[in-house]
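Trainee: One-letter residues, chain by chain:
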Amino acid sequence: MSAQSDAAASRPGRWQPAVTQDPMLHKHGALGQPVSRIEGPLKVQGKARFAAEFPYEGLCYAALAFSTIARGKITALDTVAAEAAPGVVLVMTHRNAPRMKAPSLMMSSPTAAGASDLPVMQTDEIHWNGQPIAVVLAETQEQADHAASLVKADYAPLPATTSFEEARKTPRQLDNLLGQPPVVEIGDAEAALKGAAVQVDQIYRTPRHNHNAIELHAATVAWTGDELRVHDASQLLDLTAGQLADIFGLDAEKVRVSSPYVGGGFGGKCLWDHQILAGAAAKLAGRPVRIMLSREGVFRIVGGRTLTEQRVALGASADGKLDALIHTGIVAMTTHNSCPEQFTFPARHLYAAKTIRLAQEVADMDMLANTFMRAPGESVGTFALECAIDELASTLGLDPIELRRRIEPEKDPTSGKPFSARHLIDAYDRGAERFGWNRRSATPRQQRDGEWLIGMGCATATYPYHRFPGGAARIRLTADGRVTVSTAVHDMGMGTATAQAQHIAARLGVPLDHVTFEYGDTTLPRGVIAGGSTQTASIGGAVIAATEVFVEELLKLAGNDSPLAGLSLAEVETRDGGIGHRDDTARFESYESILRRAARDELVCEAEAPPPAEMEAFSMHSYGAQFCEVRVSEITGEVRVSRFLGSFDAGRILNAKTATSQFKGGIIMGIGLALTEETNFDPRSGRIVNASLADYHVPVQMDVPAIEILYTDIPDPQAPMGARGIGEIGITGVGAAVANAVYNATGKRIRDLPITLDKLM
Amino acid sequence: MGNALMNFTINGQSVEVEADIRSSLLDLLRNSLGFTGTKKGCDQGACGACTVLVDGERINSCLALAVQYQGRSITTVEGLGTDGNLHPLQEAFVEHDGFQCGYCTPGQLCSAVGMAREIERNIPSVVTADLSADSVAIDERELRERMSGNLCRCGAYNGIIEAISETLVKAPALPQERARA
Ligand code: FES
Ligand code: FES
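Quick mapping for you: the protein sequence lines, in order, are chains A and B.
For what it's worth, the working numbering labels the leading residue of the first sequence as 1, then goes sequentially.
For what it's worth, the working numbering labels the leading residue of the second sequence as 1001, then goes sequentially.
Please note: incorrect hints may appear among the correct ones.
Which residues of chain B face chain A? A partial, calculated answer using Cβ under 8 Å [what the hints assert, rightly or not]:
#1 Ser1023
#2 Thr1036
#3 Thr1038
#4 Pro1088
#5 Gln1090
#6 Val1094
#7 Phe1099
#8 Glu1145
#9 Gly1155
Listed below are the simulated DMTMM-like cross-link pairs for lysine to aspartate or glutamate, each with C-alpha atoms no more than 20 Å apart in a straight line [claimed, not checked]:
#10 A:Lys47 - B:Asp1130
#11 A:Lys47 - B:Glu1145
#12 A:Lys47 - B:Glu1120
#13 A:Lys254 - A:Glu296
It is worth saying that the hints were derived from the structure and are not from the lab.
As the structure is a prediction and not an experimental result, all values here were calculated from the model.
Cβ atoms here follow ideal geometry from the backbone N, Cα and C, with glycine treated the same way.
So that you can see chain B by itself, here it is in the shape it has in the complex (with noise of 0.2 Å):
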């Protein structure tokens, strides 16, 4: 088994890389690339930790051949926003305790961005009660079901879903939500 040459777009730089033509996006993003912020927390697609966007799409790169995604353009956590200029979602999660140890953050971040586009797009999800509507109606429910592939063990999931709808995606809060808010 042999090593390749491959090519990548990794937030906005292009990046030529020799490796195992076996690797994950992610092994080659954590480990080849230094690209540490992506997480493995299953390397079988069950947790989302590893989650990045390619051409603006959400995927679990556990779960994605390196090989296949030459050319594209990734985009980790790292590329959301810098010091001093962090992404408008990365501020809220902060603000909002949207994590805890913080491990399973890039993958959630990264998701809920990649979510976002979804919605936009009128994409809907399984619990979408009219699929005919011109415009899918979001709430917290649609949220949460969009955001389900992301685990988070310490359970910073009600931060998580502010922090969404403060920031990406506004959704009002359920009706028995909002009566005990």
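Chain A extracted, bound-state conformation (with noise of 0.2 Å):
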């Protein structure tokens, strides 16, 4: 009905963001209560449907063949066997796939959403080991996994840059690191380092990992006529149908993508090319189509995170004051991606040093587009830096968290700005006395039970707040007082639903179960991504909006035969399913009485959020303190994490159950990025040469011990809800924590990612 822009005349009683809050800062309700998951019976029953469960009329399978070499040319392609093979429908190749527009790179553009820029299946060109150079469609899947296997391809080979030794010898230096300065120098950091009383000097490896949700990337497609249809596992709907739009010279509306239950993203359930070739196969072919990766499959064409080499130098005083804090090094990339993993992040905000130097480069490689996987920059980033912090405080023979408390910034450190709100050090202490970190001894090497030497360490974890511009959400208000909200936003396993329902009963002052969330489908209101933990707060500022039209509608709608009449939004709340004044409880009207009055069946309103000013004006993070012990056997160098804990300040925590498997989950992921984790990428081909989840190690069951999950609950004040979002920062600082509970149990310490046992030997 009217939207943000119409409203840029401050209206009183309207959040602006940086300089208001937003009025449910201290309010309640079914806020963070323990809700268990909405969609919950759904996925113990298996009726949650995926995206390759989605069952059509003619719906064929698909199957791709995949490049072997890491660059060059096709010289010729032989399907001939491929398309004589039973059941076999189509086989399409860059000879006859149907011209497509490339992917713009994600960022680029509002609505670009390519994980590369590369054209998919256009040419004979070949860009990495893996590359898809045929679609098998086929009635039954073995019989399209049959025919792919038949495709024979030879090629003429171009010199490939697949060592990352070599390519690190011309480095590039970025314009801009996700639109911050790659370099950040504040003094002379190298001449204070060797200046300093006390030298901390270190590099710090970490691998290449994948994301390895479970549920296998996959899409079911059709068309009709000039329409596309596409059941997808994605986390950025808005942005595959625009770019799938494009792609097929289509207007925007008519590619309608949904994706309501998503077997787990972590950054990886985006737009690669399998959902382009089964939109190009199924066009062709004239069918539906289901494409469902193999595992192999996941490894060849969806990027990971890749590899970083860092250098992390700290100069001290003796009494523990940071003189210089330099952060730099290199990552491998490739020339049409986007994601430059920045590890120099978590230096910039974390602590106070006299001089600082932070700048990263990148070594372009022919491999596959490396992308954004749970806490890019700060999962790997935290490992250097929490380890070298770790090892300045023995250096100066301090308690690691001493040093941290000596090294609290006042404000942000790099960018001047307030902090919005940090509560690092509340979090430290919390964790520690919990943790019994008063039990560990300074000296390593000092706690044994038989062969297993025990240690324990810690380490800071950090993760920006941002919100998104752009999103939109609609309020529908019915007769019987329910309330249905709707946003094409994600659910991957975060509790999405279930936290933004409690956040609109909490916001509208309704009961739980009369509201609907809606979300997942391209025919919803626009929303934002789900990534970088940005989308709780986004959607936040999203309903905030329309939550401020929906009130003035309803206000206008009561009329002068209301206990509201002549209320503006500044003097209303709402509460017990209707709006009452802020300070007299008998002015109140419910919403099932305004809509009868007004002989309304439904009241509909929609708006968009107002842009991200509170992120302009204020440096917003979330902080936490990770304890870790471990168990190392002195024979055979196997580590075991015995006893974890997370300490976190996220500001306003929505749902106390869901929350704290987020937590869990990503420090999960944090114990295999620390022990177990790396894709391994073979420097003579560009092949990963690990591409199943027996040869590539997440963790398992057995690995993982009873985790303890504390959090401060204190509300950061510049953030929808007070909260600032969680996904990633349970996997930051984890790394740091066990390497440094390693060094605590042995005495060595391990900067090279995972702790596998022939680094303890």
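Mind docking these for me? Both chains are given alone in their own frames, and the hints should help you get the complex.
Mentor: Written as structure tokens, this is what we have:
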């Protein structure tokens, strides 16, 4: 009905980011309660339908064939045997694929969703080892898989850069690091380091990782005339729809993408070649197509986290103040993607130092585009930085928590902005007490149980608050007093649907069972992406704006015969299923009554979130203190995490149950990062050699102890609902907490992840 | 490569279906019969998402050729409980948040039910200390070991064990976990 832009002239009572606070900041109601997942009963019955589970008349199954060289041209492509195989409907290669525009790089425009901007199956050129060279459609998956194995290709290889050691000899400077300067210099940090009383100067390495969500990437795709319907597993619905429209030359409204359930995302469930290829093949064959990548296929065509090599150098005075903080390094990347693995981000905001130098470069390789994976940058950046802080504490003979207390900054160390809220030391104190940190011996190798050396470590977790502009929400109130709030957002298991239902119930003052939250479909008002722990705050912004319009419309409908007559947005609040005067409990009218008197069946309002001015005015981050206890076998070098506690300061917690699960999930992925996970890339061929869940080791049940979670639950005064987002922070700091515990147990510093047994022998 | 007419009992119903003899039990369930509750996460026996019960024993259905399971009684997640009549373990998974995305969940549930039978039958695991004991002593470590064939990338592992120990196999917490509880 009315959009935020209409209201550019400030309406009293409206939320103005960075100026006023969300009125909900100190309201509770259903917010924060440990409500069980709304969709839980469906999921435990196997009734939640995932992307590959939508039936269609005439559906055929897709399988892919992949290139076996890293760079060059296809000289011959023999598809005769594949075409003749039983059940085959179509073999599509660059020779017969429909002409399609290349995707545009994510973040290059508001509708771009490409993880890479390479054209998809349009030419004979090969850009990475594993690039799809043919799509086979057949009546069954078995037939498609068999026929794909019959496709034969010959290549004219070109020189390819598949060795990081080679690539790094000619590093590339980035012009920006996700919109931030790639180099930050305050004073002369190298000189200050040289002159410092105490120095730590080390190189840390982290390997490639893959998301490995258990749901394989999949899509069910159907054309009706020039309309494209995609059942996707997606964490960026609207961008995917817009990008597919662009690729196929369609008007945006001709593409509908939905994704109500996603079997894990972690940054990996975005737009990759498979949805585009399925769309093209479905068009060519004139039949609906289901594509579900094999696990190997996921490794071949869906990028993961890139490797990093980082230097952290700290110069300190004897009393534990930082004279110099240097964090520099290089990551592997390609020339056709946009994910720089911003590992220097944590050092921009965490600690006070007299001089600072932060810089990162990239080494271009001929490989599958790397991409965003849970806490891109921060997950691996905190490994290096927080190990170095621990090393400095040992050198200074200070407790590592005490050191952090001494370098706690008053304002953001690089931007100079005030913190919106920061309770890192509080999180450390609470965590330390609960974990029994005082039982840790400052000297390594002091505690053992038979062959097992036992040690404790801690590290800081951090992740920025971010709120994306552009999201909208629609509120529909019906005569029975029920509300439906709709926006094209995502729930890949984060608990979005449940937490948002609680949020809406609290914001509109209605019982939880009167709320329906609609999401996961591009026919709904435009949503934001689910990435970078931004979705909750971004939805919050849109729902606030929609609520303001909703209240104003209801006040208009209420008219002069209502107890609300003459009141404005600034004077009222939502409560008890209606609107009331803030201070006068007698002046109240229920939603149902307002609609009834106005003879209306429903009221529908939609609005877009105001721009995120709070991010300009404040330094906004979540923080945490990770505590780990390990047992390390002196005989085999095996490391077992025996206890883990995460103490977080992430603003208001919207649902105690699902938030705890989110934190734990991040920590568990962090345990994998610390101890077992590594994508092995063959520097000779550029091929990923451990492309399976048998060879890429994610943590299993036995690797994970009972994890304890604490949180401050202090609302961030600048964030919608006071919540800063919690999806990524759990993984940050975990690598360092484990490595620091391994040091405390064994006296060995492992600066090269993962900490496998061979490194401890 | 031809098709064959195959017979199974699935969730108590007898089912006859013609399918490619190369079909895994998993693909047969998902693609030919529409039992999409059973999930595919690797198709290689590495993740456990495809776990179903065959005559009460848990197997990875992706590693099972459907033709070889003719005449057997197969239980999938759809057969564990129904709306309004959920299996206690299903209820406990919801209560203890034993999942996030829910994709590994059907496999976890079937696996846990199969595991409970293995414990009843006194089958030891690799962490069982006393192999000669009359009954295997079960604690959380035993449960964790026995559920380690079912990956959960969302990391719902703690909730899964809580749900299992509340409903299926009463397992005392390990001493260190008790100390902190
Ligand atoms: S799909 Fe069967 S074990 Fe992974
Ligand atoms: S709940 Fe997502 S993989 Fe287990």
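Trainee: Does each hint fit the structure? Answer for all of them.
Mentor: Hints versus structure:
The beta carbon of B:Ser1023 comes within 6 Å of a beta carbon in chain A, closer than 8 Å, and the hint placing it at the interface holds. Because the smallest distance between the Cβ of B:Thr1036 and any Cβ of chain A comes to about 4 Å, under 8 Å, the interface hint for this residue holds. The closest approach between the C-beta of B:Thr1038 and any C-beta of chain A is roughly 7 Å, which is under the 8 Å cut-off, so the hint is satisfied. Given hint, B:Pro1088 at the interface with chain A, is violated; its Cβ is 11 Å from that chain's nearest Cβ, farther than 8 Å.
Interface hint at B:Gln1090: satisfied, since its Cβ lies 4 Å from the closest Cβ of chain A, which is below the 8 Å cut-off. At about 4 Å, the closest approach between the beta carbon of B:Val1094 and any beta carbon in chain A falls short of 8 Å, and the interface hint on this residue holds. A hinted interface residue such as B:Phe1099 counts as satisfied when its beta carbon comes closer than 8 Å to some beta carbon of chain A; here the least separation is about 6 Å, so the hint holds. For B:Glu1145, the suggested interface contact is upheld, since its CB lies about 5 Å from the closest CB of chain A, less than 8 Å.
Evaluation of the B:Gly1155 hint against chain A yields a held restraint, the C-beta minimum of about 3 Å falling below 8 Å. For the hint pairing A:Lys47 with B:Asp1130, the CA-to-CA distance comes to about 41 Å; that exceeds 20 Å, so the pair is violated. Proposed proximity of A:Lys47 and B:Glu1145 is contradicted: the alpha carbons are some 28 Å apart, above 20 Å. Among the hinted pairs, A:Lys47 with B:Glu1120 is inconsistent with the structure: their alpha-carbon atoms are about 30 Å apart, more than 20 Å.
For a cut-off of 20 Å, the pair hint linking A:Lys254 to A:Glu296 is broken: about 32 Å separates their Cα positions.
Going down the numbered hints, you'll see the structure goes against 4, 10, 11, 12 and 13, while the others check out.
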